[in-house]
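Just so you know, we're using the working numbering here: the sequence shown kicks off at 10 and counts up by one.
The reader is advised that the hints may include incorrect statements.
[What the hints assert, rightly or not] In silico PhoX-like pairs for lysine-lysine, Cα to Cα no more than 25 Å straight-line:
hint, residue 1, residue 2
1, 222, 32
2, 222, 290
3, 32, 290
4, 222, 253
Because the hints were derived from the structure by calculation, they are not lab data.
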Amino acid sequence: MSFVLASFTPGFFWLWFFLRQDKIRPEPHRLIAITFILGCVSTIPAGIGNYVFGADRLLGDTPALASVVAAMMFVVGPVEELCKFGAVRLGPYRSLYFDEPVDGLVYAFAASLGFASLENLFYVFQYGPEVMLLRAPLSTVGHLVFGSIWGYALGQYYVSNGRRRTLLFGSLAMAAGAHALFNVLVFSFPFGAVALTLFGGIWSFRAIRRGQKDSPFRFRRNYPRVRCQNCSEFMSLFNRFCTKCGAPRPEGQATIFCSNCESSNIAGAAFCTSCGDQFLKG
Numbered sequence: 010m011s012f013v014l015a016s017f018t019p020g021f022f023w024l025w026f027f028l029r030q031d032k033i034r035p036e037p038h039r040l041i042a043i044t045f046i047l048g049c050v051s052t053i054p055a056g057i058g059n060y061v062f063g064a065d066r067l068l069g070d071t072p073a074l075a076s077v078v079a080a081m082m083f084v085v086g087p088v089e090e091l092c093k094f095g096a097v098r099l100g101p102y103r104s105l106y107f108d109e110p111v112d113g114l115v116y117a118f119a120a121s122l123g124f125a126s127l128e129n130l131f132y133v134f135q136y137g138p139e140v141m142l143l144r145a146p147l148s149t150v151g152h153l154v155f156g157s158i159w160g161y162a163l164g165q166y167y168v169s170n171g172r173r174r175t176l177l178f179g180s181l182a183m184a185a186g187a188h189a190l191f192n193v194l195v196f197s198f199p200f201g202a203v204a205l206t207l208f209g210g211i212w213s214f215r216a217i218r219r220g221q222k223d224s225p226f227r228f229r230r231n232y233p234r235v236r237c238q239n240c241s242e243f244m245s246l247f248n249r250f251c252t253k254c255g256a257p258r259p260e261g262q263a264t265i266f267c268s269n270c271e272s273s274n275i276a277g278a279a280f281c282t283s284c285g286d287q288f289l290k291g
């Protein structure tokens, strides 16, 4: 149990930290958890891909720097980033909750930290919990940073209705290159890996700010509504009286209506089941 806590706690912490920055239209915790798990599962095809494409053969027991560069640049970086990307593209990207630029970053963070956390567990079992002294601040954050590169582009790809494919493919190549560079620096120049992680973490934090500024929901607020029992007009759930006829707000309603798409939802729902918009509380 202690091995699991040591491996997953850094990932949970960084996920909590970055999710707190998603304030305009937060994502459902259930879908974030599913994406985190998908990120964990994506380590399986990544491990198979690394083996099939010869990363272990290139590295060997005492690899030369050229072999390390080749393994990271042509195998490990591309394979692992594509697997993490697949966890988001085939999962939350297809849900109705993926609807603004910053969502690409949020789900990329969740998948990347899930991947890093399970990878941490493998290393802890192999080398002991002390390995987390370096993996917690470096590799765990590193995976988040690499994911943020294609995550930001995925959000832009979504809002462009699929027209920005060059940006998306370029971001995947850039993420794979950054991943490979990080791994090579860990082998050859650890201080460079620290600097890359620090710079990337700052970039990821600022990318969330940029994504929020581009959000179409930046100034939209969705307060759930109910129907007035006197005139049948919509009224805010938080108004005491109907603004059209003055009748008191009906109490004990089993149904509320979305202000964005006017679909009905059960009372107490946090998100609209039709458009995915978050209901705000009074």
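| request: Determine which of the earlier numbered hints do not hold for this structure and return their numbers in increasing order. | output: 4
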